[in-house]
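Peer 1: Put together the whole structure using the sequences plus the hints.
Just so you know, the protein sequences line up as chains A, B, C, D and E, in that order. Okay, so the first sequence: first residue is 1 according to the numbering used here, each after it adds one. Okay, so the second sequence: first residue is 1 according to the numbering used here, each after it adds one. Okay, so the third sequence: first residue is 1 according to the numbering used here, each after it adds one. Okay, so the fourth sequence: first residue is 1 according to the numbering used here, each after it adds one. Okay, so the fifth sequence: first residue is 1 according to the numbering used here, each after it adds one.
Since the hints were derived computationally from the structure, they do not count as laboratory data. You may find that some hints are simply not true.
[As the list claims (entries may be wrong)] Computed list of lysine-lysine pairs in DSS-like fashion (alpha-carbon distance at most 25 Å, straight line):
id	chain 1	residue 1	chain 2	residue 2
1	A	LYS95	E	LYS129
2	D	LYS275	B	LYS17
3	E	LYS24	D	LYS334
4	E	LYS24	D	LYS37
5	C	LYS255	B	LYS17
6	C	LYS218	B	LYS9
7	E	LYS166	B	LYS70
8	C	LYS218	A	LYS165
9	E	LYS166	D	LYS222
10	D	LYS334	B	LYS182
11	D	LYS354	E	LYS129
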Amino acid sequence: MNELDKIPVRQEISVAQGSVKRSNPLANVFDELVRFCQSRSMFMLHYCTGCGAIELPPAMTSRFDMERLGIQPMVTPRQADILLITGYVSVKTLKRIILTYEQMPAPKYVIGICSCTVNGGMYWQSYATAKVLKEYLPVDIYIAGCMPRPEAVISGLRDLMGDIKSGSASNWKRYFQNYDHYLGNQQKLFDEDWQTPTDIIAEAEHYGLITDQTLGEHTALLQKHQQPLEALEFSLGEKREKIRGENQ
Amino acid sequence: MSDISYKDKGSILGPFKSLSFFSRKPVTEPFEPRIAADNYRGFHVNDWDVCIGCSTCQKVCDNAAITMIKIPGLPDDPVMGIRNERPAIDYGRCCWCGLCVDICPTSSISLTQEYVHTCRENELDSYFILPDPNGMHNKLFPKGWSKTGDADLVDLERQPMAEMEPQSRSDNFDEIVDGFTKQQAIIEASRCVQCGMCHDSCPTNMHAPEYIRAIWEGDAEEAVRQMYRTNPFSHVCGRVCTHRCETACSIGRRGDPVAIRWLKRYAMDAVSDERVREIAAEGKADFVSGKKIAIIGSGPAGLTTAFDLAKNGHAVTVYEALHKPGGMTRYGIPEYRLPYDRLDADIDVIKSVGVRIECNVRIGSDITMEQLRQDFDAVVVAIGLQQGRSTRIPGSDHEQVRASVDLLRMITAGESFDVPESVVVIGGGNVAMDIARSLARMQKSQYGKVAVTVSALEDFDHFLADPEEVKEAREEGVVILDSRGPKECVIDKNGKLEGLTTLGVISIFDDDGRFAPSYDEVDEQLHHGGMVIESIGQMSDISLFGEELTEELEWNRGRLQADEDGVTSVSWLWSAGDMVHGPDVVHAVADGHRVAASIETYLNEGSSNNE
Amino acid sequence: MHFLELLVELLLMPILAFVIGLAMVLMMRRIGARIQRRVGPPVLQPIYDIIKLYSKDTQISHGLMHEIGIIMAVGGYIAAETLLPVPGLDGLADKGGAVTLAYMLMIPALGMALGVGQCANPNGSIGISRALTAMLAYDIPFILVIFGASYVYGTTNLAEMISIQQQQGVSSWGIVQMPLLALTALLILPAIMGKHPFEIYVAPAEIATGPMVEMSGKFMGGLFVMQCFQLYTAGVIFTTLFLGGGVYWITFLPKIFLVVAIPMSVAYLFPRYRTEDVLRLMWKWPMLLGLIGLAVVMK
Amino acid sequence: MRPENYEAIKQPPSNEFELNFGPNHPGIEGNYAFRVKLNGDEVLSARADAGYLHRGFEKLMEGRLWIQNIALVPRICVPDPVPMEVCYSLAIEELCGLEIPERAQWLRVMQLEMSRLAAHLFAFGGHAATTGMYTPMFWGVADRDLILDRFEELTGGRVYSIYNIPGGVRRDMPDGFLDRLGALLDYLDSRLPDYDSLFFRNQVFIRRARDVGAMTQEQALKWGVTGPNLRATGLAFDVRRDDPYLAYEKIDFDVVTQPGGDALSRNLVRRAELKQSIRILRQVIKHLPSVKGAVRCPIPNPLAWNVPAGETYTRVESSKGELAYYVVSNGGDKPYRVHVRGPSSMHAVQVLEKLAVGSRLEDIAQIMFSLDACPPEVDR
Amino acid sequence: MSKELNLWLDDLLKDIKIIQFKRKNSRRVRIDIAPEALPALLELLQGRASYVHLSAISCVDWIEENEFELVYHVWSYETNSLVSAHTRISREPGVYLSVYDLYTPAAFFERDIHEMFGVYFEGSPDMEKFILTEWNGPPPMRKDFDSEAFVNQTFNWEEYHPQWLKDIEAEGGGITTRPEDVR
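Peer 2: Written out as structure tokens, the structure is:
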């Protein structure tokens, strides 16, 4: 613990870029088509993290029918594109949120709903809730309200759709590019032996998003504590070993 | 439709009825956000013209979401109870409960029907908003949750103050007002929203929010302690203060201001005099500085200066020309407003910290200023305004045309004079009311009837005296005429005063705002009276200075010229109180503190220079 | 020339099936929306979903078998499509026949089982075991139906069945000749399509969509494509066996859409059965009906 | 799924395995989790894992003024917030000896029943969805939304109305509100046959729900079951009738029971309560216009409100069961201690753990939803 | 019947010396009792007086007296009345007896109190962490734990600096009172 206190959490630097225009015009058209489809088909994770979740059923069901926008709930993070953080996140939930977020395939988007995700909300004096969500995860859209009405949620989702379509919603890349920053904040809250089963560094490498901010003292700490997960040995065993070897 | 029995096996074909929904229209709403309900709790707006920056919303906010922001360019007037601060709201905390709306003393803040706000991570600053009348996105949305009578959390009505009925009080000098009971005081104190406007507007910056809170907590001693931080004349101020705090009080924006003065009075009365003395002595220096200070005049200004300096360990001597200390508080304020024993209590406290008061010593004749200069390290002149000004209208030099201050002094001192059967008072200020009511009492007890006429220049809308004074005076039988300018004191051929003729007032000030009353010459009335009392202002008797010193000092329109800290052009001489700043107890107290602080600095500088 | 023609047909048939399947998915979602009193997704929603899913990227993999499983699942259906004669395109229908088709339709489920078993998620394992049980449940009546139909038409060749029904008019349609078997087929149709009340193996509220639980991105996209084929196949088989197939698209399309619309409508009206209920139900009513139907046609 | 599921592979090959049920799971109401041990499909044991929604309410309330807490309390149970406000307000009123105006009492009854309607509609929807039937959920949530519209009109907030305040309610209702409420009730009445045919009398659903999560009356009493769940075991007990508060003594309503003690019974009790709530609301609509006067008794300035020292245990009947607040004041401006006894703290933990044993994997979600367990009440 | 039972209970309890008995109204009874006698009282209430429903166990931390107050709220479905049995135990070491064998719901409340206050209940079936599994600090509901101080020390706050604030600061204004200043 003391060791952790000594390591400062690195300031995040903004390196995420929107979609890069490719030289091939046809490829650009293809990219645009893909982005359009991505924006019109957002699967949201069916996870009620806080009280704002009570306004999601109305938004999903007949009255406000989000399926008109191609948004449907998905039960596992593997299939989800958007993670709705509906309100306060207790520390216990935050761990699950991070696990969940890391399991979502890219591109992925986080929506912070309610006051609580911004500055602690009405639980600002609570010992049990995390206060500023963006310290732990990059957030794409915030929707104000306590809790926001379904219409406001839908407006926020439509804003996100616009961002995805234009290619500017690329905050998920920041998680990989600044992993040390996010991990540092997480470790500060959860203790230094905090780890998730998803190998973010390998994943960052996979996406080509390794920057000099990705690795740092916090990731070193992570690797010190990390134990390989048996279940993942099938596919990642060799690869993981290789990466670790390179890092050392 | 009956209840379904538990044994019911249900039907496999029943659900197919729902296929009829193919022919029914969906209930889905269009994408555009609907119009919210009439009292929806959406984003905030704040009417900056009404808002006074009292920060009550900040205190009631359960989420610590409100920050007060100082905005240059907005009116900032402590006397009127306006600060140039406005609330800014953190939507990362707000829960839209609307308590800020319900408690707002001015009803400036309200919620609108607007409820959609989204932003990206780098635009999070937009969650911190400064509500103005235009709304969060400068889009026009109707108001939603705003103040209504039902929802108001501010108690607009003050606790009724028990007082004597007019018939029982009009022939004696007993104190009129009973003061709050403990129960009343706690309820009245609980009306306070702790905005601190009173503190800012008070000339001596009394810690009113603190002592009101202490009273509300039932701790009168703590309240007294808070009062003695700034005011050794708490008994006096608890009764006769001009209570600018109540003018500034934010609750008074829409309702009755908190009765801060009566609360102060309650706290002082609730604590025994011995205990008050102990509390007042807290923090007294435990050494003797060896410095000597002379103070001329034992009014509030002089005694406050004395109190402060004595607490700092200096030897203070106060010289009073009259028989008893207190100055105008004793000789200017009638007993029915300020009982002498309460004044004595205040003065006893001041004495108890080591102030020596020498009465019946008239500076200038018994002791000269020069002697004082030699014997003391510093001298303070706080002699107040003890001479009445004259209207100088024809006939005003008649012996039955008297100055109100003189008469009040005589009444207090018990000097006898012939109470006339009918009196005319010129002037519309509080002093005019004091003399009118005092004489009315004397008339009532001597003759069984009241015949006092007050003629004031101002109309009732701009009256100088407090409305309660006017109301009570009328209840006691005093006739008050507004907008009457004195023309002449009519003297009959026997040389006996017959009365006063007055003219109707057209305007008091000229176009430049200077005092230049113009009268309607046709509208002339004669008010009969065996005595005419002029009560239009006071001035100082400056004969004590002697010619030499008078020459040396600087004067401004008959008043001694002194800077903010009372420093006159003569280095060892300070001046304080009414003679510098005009008549007002609490101003005098404030002045006393300033002068004391200034002398303290001077003495310290002097001693450090000597070392 | 003949070979080239066949190649074109083989390419065209799955593509056509996919497109029609997309429309069926849309129809399904719109039917649901309507019963649920809402608007539902836009027209191109199914294709948006698939393109999006294929554009997803992740480094996480559950191993080779997992990937092969999906390919098997989709491939099984693609192969099945080539065995299904549609107007103008016979593909391999001559060579395959109903029995081959019945076997082909088991491949996707087995492929899924192979793939899902790999991802070590207990929900997936439970799901796939349920899926196989459900398949066991509906396959017996299904075989009865195929057998009965083959017996009636005297052939297992689907193309021939169509031509028989087409030549002799409506009175020779399977639905008239063997109504009980048609009813049996209609009853098991939701199970074949994996729809309510027989969708125990997906059951989001119980096992978090079972087999799909670890599927992401492209794998999920594969499943979406598979769903298109699934709906299409179910519709076409039923139409071929009982509704006279089709010579012209204009009559064929309404038939297949009508066929899939029936179980889709029912799907939104019922909760799902438990696994053992599915077995009991499937082996009771459809089997009974099927056997009686068979007895009737074979008498 | 939570990656903890990977642990399954570590276990020796056997039919027994552990499964994490939640917190990110559609079969879980809210943010809550279960760790179940399964043998095939059969549940061998279940262990609740709460705390995902823990905010430390009781601690927070000790740090805020009495009145500030009215914004906090509804958050303890999100689907049914009004009883929280009312119960807390009742506690303060009892401590202060405040007599709330009759009109406020009726307005509170109105809100409580509206909230109960909304919560029950939500509960059906959830229960239906756990059995794989989504249409009632879509309908239920949409119809609940119409009630929220009325809440919005009445209180200015859709879900968290924050309308009750110690001493009464915050403002009077808008003009014509009762007419619109009446129209809504008529609409809901007309919808009930639809629900009946689709859901309550659906043979497949009845088959799914019967004998699922069944308990006897003795068990229910022993386990501390309350509310509709207790009534579903045949015991006619309702705090509204048997420990009356507000204007409930003047209102005519039945306490509905069902004999089965299983998911079906609980479901049918809720359905009957839906009708009872409509009946109560009709009485309110009839009676309320004749009750004139203020909606709030005078209360001290909220910033300077010292509640007299004392303690009280107030109970109300929420849609989930017996809700109680134990409030202790030491005479200060903040509560000294507030203990919230949410009905779900029994239902979602002990009762669910016990009912799950021996049931089937596919029924766990159904049991949870049929108990109408509300995790934030457990976590607080 | 129910009235008789109430009267019988009142008479019975009033006679016991170690009990302070107070009937608040027809449905509420307050009993103060020594900790060693409480289980016996509950046994009596449950076994003989039909108080079968344990509504809640509340714990209050009276830090100045160095005591925990435990309040057992039991309800009778027959007499429709609630008995609140108050008892006080020493804050150190904070150990008391479980009433799980009398009332099954006690398991939850005792576990909760153990977690929030650190009171250990001997004989309770389950004293494991439940809600605060990820919490390493002291029992948070104790009065000596200051949540606000903990939060300020542990978490960062969002620092806003919007354009309008910059403009106002340029003119010489700015933030005067932050919300934490008035708390």
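Peer 1: It remains to establish, for every hint, whether it holds in the given structure.
Peer 2: Evaluated hints:
1. A:LYS95 with E:LYS129: holds (17 Å)
2. D:LYS275 with B:LYS17: holds (22 Å)
3. E:LYS24 with D:LYS334: holds (24 Å)
4. E:LYS24 with D:LYS37: violated (48 Å)
5. C:LYS255 with B:LYS17: OK: C:LYS255 and B:LYS17 at ~24 Å, within 25 Å.
6. C:LYS218 with B:LYS9: The given pair, whose Cα atoms are some 45 Å apart, is violated under the 25 Å limit.
7. E:LYS166 with B:LYS70: Holds - the C-alpha atoms of B:LYS70 and E:LYS166 are around 12 Å apart, at most 25 Å.
8. C:LYS218 with A:LYS165: holds (20 Å)
9. E:LYS166 with D:LYS222: violated (64 Å)
10. D:LYS334 with B:LYS182: holds (22 Å)
11. D:LYS354 with E:LYS129: holds (19 Å)
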